[in-house]
Amino acid sequence: MSAGLLRYLGTRSLRALLTVFGVVTLVFLVVRAVPGDPVDAILGDQASPGDRTAMRAALHLDAPLLTQYGLFLGSVGDGTLGRSFRRRDETVASLITQVFPDTLALALAAFAVAWLLALPLGTLAAAKRGSRWDLGARGVALFGLAVPGIWLGPLLILLFGVILRVLPLPGDEDAGARGLILPALTVGAALSAVLTRQTRGAMIEVLSEQYVLAARARGVSTARVLVVHALRNALLPVLTVGAAQLGAVLSGTVITEKIFEREGLGSLFLDAFFARDIPVIQGCVLVVALLYVGVNLAVDVAYGLVDPRVRLS
Amino acid sequence: MKPLRARLRKLPLGVVLVLLFALAALLGPLVAPHDPAQIDLDHEYAAPSFAHPLGTGDNGTDVLSVLLHGARLAGTIGGLVVALSLVTGTLAGALAGYRGGLIDHAVTGTADLVQSFPAVVLNVALLAVVARPGVLHLVVALVSNGWVIYARVARGQTLAIREREYVQAARALGMSESRILLRHILPNLGGPLVIQATSGLGAAILAESTLSFLGLGPGKSASWGALLDQGSAVLLRFPHVALFAGGTIALTVLGFNLAGDWLRDRLDPRR
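In the order they appear, the protein sequences are chains F and X. For any residue, its number in our numbering is found by taking its place in the first sequence, counting from 1, and adding 36. For any residue, its number in our numbering is found by taking its place in the second sequence, counting from 1, and adding 1060.
By construction, these hints were calculated from the structure, which means they are not laboratory data. Check each hint, because a few of them may be wrong.
Residues from chain X that face chain F, not an exhaustive set, calculated with beta carbons under 8 Å [said to hold, decoys possible]: (1) Leu1266; (2) Ile1309; (3) Val1313.
A few chain X residues that don't get close to chain F, going by computed Cβ distances all over 10 Å [said to hold, decoys possible]: (4) Leu1086; (5) Leu1087; (6) Glu1104; (7) Leu1151; (8) Glu1223; (9) Leu1296.
If you're wondering where the values come from, they're calculated on a predicted model, not measured in any experiment. From the three backbone atoms N, C-alpha and C, an ideal C-beta is built for every residue, glycine too.
Let's have the full structure, built from the sequences with the hints guiding it.
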């Protein structure tokens, strides 16, 4: 590994760590500014003053801000992320690891739906501009961006669950992987719109490059030109856009988990919000920040490995 | 001069939808057939009928009336969010583009961070600060990520304008930096920001609906997102509530997006 690449990786990782630290500190401070009292949310407002004081002490809410911050950083350090206010026997980390696989599966399925739709459609639309494929690509892009997830979810449930009866309804315990299809479509629709547009645009640009013309002139088959010569080169910018959509996808999972009554990071986060369960809110934001920074770091590194020019910037 | 009817017929769909929305927001509460909070337990979740054109929802409230009242709330929140985002975003973006250096790094860095972080998570974390979110809290939470897009557009435009002759002439004449920014840069940012604000209104209305749908909206008022939330809970038995509420949100968002595209085509002859 060259020194330049090492330095590139080093600065990127450092910056990523700083970002996580910044986000987490910000959330710690913002959440502490709550005028609503978490003790009220846990014990109810009928609780006796003695119980309230005891609870406050047990949760360290009476400690100075700096001490609370120290405790919080300590809990991040030992990997527990503290204990839930409402379920004292559970660490935040264990609550999150229980539901995280569900959200990860949903997010990955959404990405899969979007890529499976966007790559072929975008490629064919670029290769045959003005054709039916192009029209289809434009349709997907328009539909995906115009129909919000909070409406698409109920529509899909009605169409496939109630009218056609081909896919399980929300809350079906033994639905298995089939239960993932509609939620994945709900999250992935907007993403596939963005990616289809990007793929089409990137492919149109690449298809006019000299090396594509050269390959055609050599008599390489159209399919091979498209997939091997053009798509491979068009993929990089599309990947970046895909990674940049991670935030939108995670927002989508919060909404979709509610619509489809699914367990997950989003529903854990919303429940914690309504109960003012501060450690869980902090923990969820930390995990999301780590995810976001991790994915962006991975994309940066991949770019740096593939394209040496990037390392200089 | 073409006759009015011919002109009306040529109005693009986006503009028609936006005008309909504006009418509903302005006059909706006046023409609504019922009080949106009126309870009628005998007719809960009734299908559309003559008395209730779009049926009834939770506790027998009239769906059409809730939608008409909700249009005003959506318009108010959307308008406030876009206005505040536009002002803060434009100032930050223009300053970043004009000054460059450290300010530019700070603004673009923050914008990058905010834009790629999940909007819903950021909004919810911010709303956790208040005990009972009201309209103003919602607006502040939505502006916290709404300003970014305007900052980007303003920064890009400023970078281009900065090098124009009239700005250089002003600089050569010894005009102060802040005066150049106020008198020569800001007034010329107009077009692209107006286009962005048009589709931005749709985005702000959708964001408000989404937060209300998640149960974070201003409690008492009639809201599209809250109606959709009620409708989703009874989706399998009484689909009309969710269908009408979601359809209204979707058509409004679509309208503002199409109107934004239409404006861009009109204002930018190169496209």
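Evaluated hints:
no.: 1; hint: Leu1266; in the structure: 5 Å, holds
no.: 2; hint: Ile1309; in the structure: 6 Å, holds
no.: 3; hint: Val1313; in the structure: 6 Å, holds
no.: 4; hint: Leu1086; in the structure: 24 Å, holds
no.: 5; hint: Leu1087; in the structure: 25 Å, holds
no.: 6; hint: Glu1104; in the structure: 19 Å, holds
no.: 7; hint: Leu1151; in the structure: 22 Å, holds
no.: 8; hint: Glu1223; in the structure: 22 Å, holds
no.: 9; hint: Leu1296; in the structure: 6 Å, violated
Hint 9 from the earlier list is the only one contradicted by this structure; the remaining hints agree with it.
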